[in-house]
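Peer 1: Residue strings, one per chain:
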Amino acid sequence: MGEHDIQTRFQELPAAVREKVDTVLTDAKIAVKLKIAEILADPAEHAEHAVTTAGRVGAKSGEVSELTAIMPLKPNGAERLRKFFTLVGGNLAGAGQVGTLHNMRFVFLDNDTKLLFATAYDGEWDPYIDDFATKIPEFMDYLFGNVEGWPGITSPAVKDFITQHQIPAEAWFVSHPNITVAEANRLKRQDAAVQTFVDALN
Amino acid sequence: MELFRRRTRRPTLDLDDIQATVLRARPEPYFGTHAIIEITDQAAGRQLLRRLAPLVSSAARWDEPRSSWMALAISYAGLVALGVPQDSLESFPANFRAGMAARADRLRDTGPNAPQHWEAPWGSGRAHLAVSVYADNEDDWRGTMAGYERQLQDLAGVRLLSHQDFGATGFNVFGYRDGFSQPVVEGSGAEPLPGDGRPIKAGEFVLGYPSETGQPLPMPTPDVLGRNGTYVVFRKYHSHVATFNRYLRDNASTEEDRELLAAKLVGRWRSGAPLALTPEQDDPAVGADPRRINDFDYTDDPRGLRTPLGSHIRRMNPRSTKLETLSDVNIRRIIRRSTSFGEPVVPTVLTADGADRGLDFIALGARAIDNVEFLQSEWVNSGNFVGLGKEKDPMISLQDKGAYFTVPGSPPRRVHGIQSFNTLRGGEYLFMPSLSAIHWLAG
Ligand code: HEM
Numbered sequence: 029m030g031e032h033d034i035q036t037r038f039q040e041l042p043a044a045v046r047e048k049v050d051t052v053l054t055d056a057k058i059a060v061k062l063k064i065a066e067i068l069a070d071p072a073e074h075a076e077h078a079v080t081t082a083g084r085v086g087a088k089s090g091e092v093s094e095l096t097a098i099m100p101l102k103p104n105g106a107e108r109l110r111k112f113f114t115l116v117g118g119n120l121a122g123a124g125q126v127g128t129l130h131n132m133r134f135v136f137l138d139n140d141t142k143l144l145f146a147t148a149y150d151g152e153w154d155p156y157i158d159d160f161a162t163k164i165p166e167f168m169d170y171l172f173g174n175v176e177g178w179p180g181i182t183s184p185a186v187k188d189f190i191t192q193h194q195i196p197a198e199a200w201f202v203s204h205p206n207i208t209v210a211e212a213n214r215l216k217r218q219d220a221a222v223q224t225f226v227d228a229l230n
Numbered sequence: 124m125e126l127f128r129r130r131t132r133r134p135t136l137d138l139d140d141i142q143a144t145v146l147r148a149r150p151e152p153y154f155g156t157h158a159i160i161e162i163t164d165q166a167a168g169r170q171l172l173r174r175l176a177p178l179v180s181s182a183a184r185w186d187e188p189r190s191s192w193m194a195l196a197i198s199y200a201g202l203v204a205l206g207v208p209q210d211s212l213e214s215f216p217a218n219f220r221a222g223m224a225a226r227a228d229r230l231r232d233t234g235p236n237a238p239q240h241w242e243a244p245w246g247s248g249r250a251h252l253a254v255s256v257y258a259d260n261e262d263d264w265r266g267t268m269a270g271y272e273r274q275l276q277d278l279a280g281v282r283l284l285s286h287q288d289f290g291a292t293g294f295n296v297f298g299y300r301d302g303f304s305q306p307v308v309e310g311s312g313a314e315p316l317p318g319d320g321r322p323i324k325a326g327e328f329v330l331g332y333p334s335e336t337g338q339p340l341p342m343p344t345p346d347v348l349g350r351n352g353t354y355v356v357f358r359k360y361h362s363h364v365a366t367f368n369r370y371l372r373d374n375a376s377t378e379e380d381r382e383l384l385a386a387k388l389v390g391r392w393r394s395g396a397p398l399a400l401t402p403e404q405d406d407p408a409v410g411a412d413p414r415r416i417n418d419f420d421y422t423d424d425p426r427g428l429r430t431p432l433g434s435h436i437r438r439m440n441p442r443s444t445k446l447e448t449l450s451d452v453n454i455r456r457i458i459r460r461s462t463s464f465g466e467p468v469v470p471t472v473l474t475a476d477g478a479d480r481g482l483d484f485i486a487l488g489a490r491a492i493d494n495v496e497f498l499q500s501e502w503v504n505s506g507n508f509v510g511l512g513k514e515k516d517p518m519i520s521l522q523d524k525g526a527y528f529t530v531p532g533s534p535p536r537r538v539h540g541i542q543s544f545n546t547l548r549g550g551e552y553l554f555m556p557s558l559s560a561i562h563w564l565a566g
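These protein sequence lines map, in sequence, to chains E and W. Those letters in the first sequence? Residues 29 to 230, by this note's numbering. Those letters in the second sequence? Residues 124 to 566, by this note's numbering.
If you are wondering where the hints come from, they were derived from the structure by calculation, not from laboratory data. All figures in this text were calculated on a predicted structure; none of them were measured in a lab. Incorrect hints may have been included.
Said to hold, decoys possible - With a straight-line cut-off of 20 angstroms between C-alpha atoms, the simulated EDC-like cross-links for lysine to aspartate or glutamate are:
1. E/K163 to W/E335
2. W/K524 to W/E335
3. W/K513 to E/D55
4. E/K187 to W/E213
5. W/K524 to E/E76
6. W/K445 to E/D159
7. W/K445 to E/E211
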């Protein structure tokens, strides 16, 4: 598409959107402006991916929230954690039992002095901390006990501790914002049933 | 029905210091009143506590019938009005301090349930003291009420904001037997009845004892204030029984089918008999038998063919249901002391008469506030935890346009047109102090 066509398409978009894009993105190329203006002008697409807040901190798109935290590690904390991660080959399969975790990652920063913990999960984490405290307390303390100041999963201070280290994302995109882990499991079961049915037909 | 459990073990809890309502089952029939009081003068508020203290009953011999008893609970604003020291105030949990109206977001109290539509005095910050009288007969109810009213009468600086009488036979205004399923509190000495499950650690219901974590839950300070106390969640619901009846009428053509659908929504027939035990038709004998009414779990019904996964009682206490999300059902139990008000409506009535009727939902427990917030957001206004997506509790959620209820089966049946059958009219988070804490608060 030539510069001229891009300009024409841009001019066809609603004036209010064009104005907003023009004033904020003064230094962007017109191709960038067009792409962004087109997304902003599509109410359905935009609404499906609307970003709200997840409980106290963090961004949420549909049902899926993000949690990003950077926490100082105790001396040898990274070493202990790395031993465990190496033992399992970086595979945290057991976490599936939580039923709300889409993904999570553990990254060591600044010469193994800090831990970056990032996850995408359904809903809000805050209500489930109490369940972690009675269902998987040893595991939570084993992992996060390497963090400086970790109060323990059963401590009343634990929610504040996590919140204090949480850094809210400035932007957040989820491809299927309304498909929770439970919903994905249901769709998988449903698909398996459909596949069996189709196989039986043939 | 005889609701009293027997005391078969020696209690290890400090029953003399714990308020009666924590352990004492509501009689059938029952009568009573909830009074809400504002404290406009600190000294008068303390004076009132001094006067009421001897009237507040303890949980001693909770297993013996008693004609009437009184309970007292205080909101955060009430503790402030009583002049409780700042460091004590700050030792209470954040959601209690914020109050129910401020937690509307977490409670999913939006739209018609939002605090701006509540009745006075709810949400005004002036509901300081809640005094409840429960009785098993009208005379003793009136007698106990008169005793309490005398204490209130000549005190300037405290003001009665609302006085709500309640009473029922044990059936709520929809016609269901209600209020009998309760957790067994470890250390109370109660004999578990068949289906009650294991006793739950006392610290889940009374502050100062080990909870399900093995440790006591956080408790306000000083010790005399927190120990043997608990939290109360009070939520006043208005019930739209005619709307409920119309939903049944619109979706089932015979009385038999209507009653089956009614049972599928709750998980129990109106008699109280659970679908788990009598899936085809009601069996009032089971509903009237405390040894059978709860004698089930959901192990042999994973798909909800008998008791729908989305029915009210299966959501509120999933028992052995395999949940989609990691949850500990033993920390989500609440003691319910709800009371029914107004005239019940029979199933044939299809138009609303505008009369006041409903349920004062009352939950007690050391985690009662956390739990009602958890239940409202995770188990009432969502279906995700049992793989039901956005489907909500059929009895107590705020239903969206186009909402439906799924009756599992082959094929499952989607019953469209479900409405919000109960609207929230107000409520508050309260602290139910021990008897010694009442004296401490009275100064
Ligand atoms: C007007 C509102 C409500 C109505 C009409 C209602 C109705 C009922 C009925 C008929 C039962 C079965 C009787 C029993 O097991 O004792 C029940 C049980 C129960 N309800 Fe409700 N309820 C209402 C509000 C609530 C609320 C707001 C909650 C919690 C947030 C709740 C939690 C429970 C629990 C925990 C049970 C016991 C389930 C079990 O142990 O199997 N209810 N309710």
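Peer 1: If a hint holds in the structure, say so; if it does not, say that too.
Peer 2: Structure-based check of all given hints:
Of the pairs offered as hints, the one joining E/K163 and W/E335 holds, with about 10 angstroms between alpha carbons and a cut-off of 20 angstroms not exceeded. A threshold of 20 angstroms between alpha carbons decides the hint, and for W/K524 with W/E335 the separation of about 40 angstroms lies outside it, so the pair is violated. At most 20 angstroms may separate the alpha-carbon atoms for a hinted pair to count; W/K513 and E/D55 exceed this at roughly 43 angstroms. A distance of roughly 17 angstroms separates the Cα atoms of E/K187 and W/E213; the hinted pair therefore holds under the 20 angstroms criterion.
Only pairs whose Cα atoms come within 20 angstroms are accepted, and W/K524 paired with E/E76 is accepted, the gap being roughly 18 angstroms. Straight-line distance between C-alpha atoms of W/K445 and E/D159 comes to about 15 angstroms, which keeps the hinted pair within the 20 angstroms bound. Distance check on the hinted pair: W/K445 and E/E211 sit about 15 angstroms apart at the alpha-carbon level, within 20 angstroms; holds.
Violated hints, listed in ascending order, are 2 and 3; each of the other numbered hints is respected by the structure.
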